[in-house]
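**Q** The primary structure of each chain is shown beneath.
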Amino acid sequence: MADSREDRLRDLARRSTPAVTSFLARRAYPLSNADIDDLVEEVLVVAWRRLDDVPEGAEIAWMIGVARNLLNNARRKHTRRLNAHRKLAPVGYEASAEEHVIANEQLRGALDSLSADDREILLLHYWEGLDATALGVVLRISSGAAATRLSRAAARLREAFEEIPHSGDKDAFERTRGM
Amino acid sequence: MPDSPDPTELLASAKPDVAYEIEPSRLDEMITRVSSAPVSRFPLLRTWQMRAGSALAAAVVAVAAVLVSIGGGPALTVLTLGSAASIAGPVTHASITPSPTSFATTQVPVRAGASENSTFVGGPRLATSAPSLAVYRVLSVLDPSTSLSNVADALGVRHAKLNAECTYGATGTPMLGANAIGTNAVVTEAPYRAGGCSKGANGASGPLTWTYNLKGSKCPRPSSLSNSVSACTLAPTASQQRVASRQQLTLWSSRLVASLRRHGVVPAGMTLGEPSFTNGTNIVLYPLLTSGGQASDQYEAFQFSIAGSLIYATGMLASTTLVTTYPALSQAGGVALLHASGSGVNPGGPMIPAPGTTTTVNPGGPMVPAPTTTTSTVTSSGTTPLSKVVTLTSATLRYQLLWLEDGSAVFVPQYIYRASNGVNEQVLALNPNYYRVEAPK
Numbered sequence: 016m017a018d019s020r021e022d023r024l025r026d027l028a029r030r031s032t033p034a035v036t037s038f039l040a041r042r043a044y045p046l047s048n049a050d051i052d053d054l055v056e057e058v059l060v061v062a063w064r065r066l067d068d069v070p071e072g073a074e075i076a077w078m079i080g081v082a083r084n085l086l087n088n089a090r091r092k093h094t095r096r097l098n099a100h101r102k103l104a105p106v107g108y109e110a111s112a113e114e115h116v117i118a119n120e121q122l123r124g125a126l127d128s129l130s131a132d133d134r135e136i137l138l139l140h141y142w143e144g145l146d147a148t149a150l151g152v153v154l155r156i157s158s159g160a161a162a163t164r165l166s167r168a169a170a171r172l173r174e175a176f177e178e179i180p181h182s183g184d185k186d187a188f189e190r191t192r193g194m
Numbered sequence: 007m008p009d010s011p012d013p014t015e016l017l018a019s020a021k022p023d024v025a026y027e028i029e030p031s032r033l034d035e036m037i038t039r040v041s042s043a044p045v046s047r048f049p050l051l052r053t054w055q056m057r058a059g060s061a062l063a064a065a066v067v068a069v070a071a072v073l074v075s076i077g078g079g080p081a082l083t084v085l086t087l088g089s090a091a092s093i094a095g096p097v098t099h100a101s102i103t104p105s106p107t108s109f110a111t112t113q114v115p116v117r118a119g120a121s122e123n124s125t126f127v128g129g130p131r132l133a134t135s136a137p138s139l140a141v142y143r144v145l146s147v148l149d150p151s152t153s154l155s156n157v158a159d160a161l162g163v164r165h166a167k168l169n170a171e172c173t174y175g176a177t178g179t180p181m182l183g184a185n186a187i188g189t190n191a192v193v194t195e196a197p198y199r200a201g202g203c204s205k206g207a208n209g210a211s212g213p214l215t216w217t218y219n220l221k222g223s224k225c226p227r228p229s230s231l232s233n234s235v236s237a238c239t240l241a242p243t244a245s246q247q248r249v250a251s252r253q254q255l256t257l258w259s260s261r262l263v264a265s266l267r268r269h270g271v272v273p274a275g276m277t278l279g280e281p282s283f284t285n286g287t288n289i290v291l292y293p294l295l296t297s298g299g300q301a302s303d304q305y306e307a308f309q310f311s312i313a314g315s316l317i318y319a320t321g322m323l324a325s326t327t328l329v330t331t332y333p334a335l336s337q338a339g340g341v342a343l344l345h346a347s348g349s350g351v352n353p354g355g356p357m358i359p360a361p362g363t364t365t366t367v368n369p370g371g372p373m374v375p376a377p378t379t380t381t382s383t384v385t386s387s388g389t390t391p392l393s394k395v396v397t398l399t400s401a402t403l404r405y406q407l408l409w410l411e412d413g414s415a416v417f418v419p420q421y422i423y424r425a426s427n428g429v430n431e432q433v434l435a436l437n438p439n440y441y442r443v444e445a446p447k
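Top line first, the protein sequences correspond to chains B and U.
For the first sequence, my numbering assigns the number 16 to the initial residue and increments by one for each residue that follows.
For the second sequence, my numbering assigns the number 7 to the initial residue and increments by one for each residue that follows.
Source of the hints: derived by calculation from the structure; they are not laboratory data.
Please note: incorrect hints may appear among the correct ones.
Claimed, not checked - One-sided excerpt, in silico: chain U residues whose CB lies under 8 Å from chain B:
(1) L17
(2) P22
(3) E280
(4) G286
Idealized CB from N, CA, C, for every residue including glycine.
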């Protein structure tokens, strides 16, 4: 058990930073390492301020939740200003992580057709490995609600996947696996 | 490989590997830095873009998610002002540099910034009733490139080519901006993205201001989002030293104002006030007024050669819209803030002449503090410095541009006091229950 407030933050940071870093790198692709560092530090700023709110036993999920909120805030601002900057923005400014890393067009199309909430809970589960309890912490809902939401999102993904015509590419599965 | 793969399995398989890990020593540095900050009871909604844009952060006003409701009325957002924001103190400057030339030699500085021992007293003419005053949101332009073209066209920039540009603020922070380079002049929009110039950097603000420079001008362009004064101290050229008449200056500038209007550049929600002139520099200043008719600290400014050609100009692109009204201090009540803020000293602040001031002091010499008129002195002991009692004789309302945490900006009301020593003092007119000052980082 860490003693001082700073020790508690240090302990929390060391345990959660690898997961937070991975989450940010996967979800905000393409981010430079320096940008990831900046974001992680912002997560730590929030953690420092709200250290007493960190739930015991779900620290990593809580930190991922903070990172998620930071990303969402950044994206909201980005979206608001997107029209203003469109003509001057660098190419690739709007690209999302999924577009870059999912090679299977059928899967990508199915994901695109889902709501943002569905997409998010699926990625948190299948990419970050969060179970229903952790999902509940990140999304600020009960673990039961998280499990239900995850199950429904997976069902909708399957439906959407079936509705999208196969590309006929037999290697799609292997290619996706190789990303 | 299954014949019909489950998409959730495909998704799990597509999980990208992440090779990057933060070095332990780097992480330790972060933790030390973060944990050295005081824990605020009213946390700011800081974002990573803000930290990246440290130049902007120096002048930032952050909005805290704190609502205050008094007397059962509607809840108002409490403003949390950036640590660099001046609540009370000497009037410093208009946010837009009015001139690329040295006007310092012919103007009286508004404030010497050396009145640690002044005691301010409200005069009988100060109002004692506390009004409610509007706060306006300042909206950056939706289409920076079009607005840039419009400014260039309005001011006669020939064959202008638009460019996105990466500039660096005083702290070395990269900021994205834009310019239109013509054969005769350059129009620049203030850098508007403080999150860096690299792909994927997020924006903090759209451009709020523009600047015109005749090609070959050696004066610096605004280099920060705050567009704080970057008074150019180049000596006036021989042609600039020859003074045009006010009639000439009014005629020349009114043509440009009309042209800017035709091109839709005059900020929506604001109007231009009557022009004022700075002595000996061929500069015309049009104050921008809020929709309520109150002056702001922003100007459209033009400087001409003796032949009437435009040398330098600057103005606003942004539009304004009313946020809401906030409870305010009375004029008399605001005087107390000058004491609470450490006697209104603005250490390190620029010494800038008041626009429209006409008194000539030490022409050709260095900028000097205005002489302080002491109305009375109080000596308390042999070791205590003299305290000068300064009477604030009148107050006017003006709107000051301050920055928001999300990169946008607001006009907030302030009182400008005229003091018995001839020095102007300013205080934020909002009731202090509705704003806080961010602790220095």
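**Q** Hints first: check each against the structure and report whether it holds.
**A** How the hints compare with the structure:
1. L17: 5 Å, holds
2. P22: 5 Å, holds
3. E280: U/E280 check fails; min Cβ-Cβ to chain B is 32 Å, beyond 8 Å.
4. G286: 39 Å, violated
When held up to the earlier numbered hints, the structure conflicts with 3, 4 and fits the remainder.
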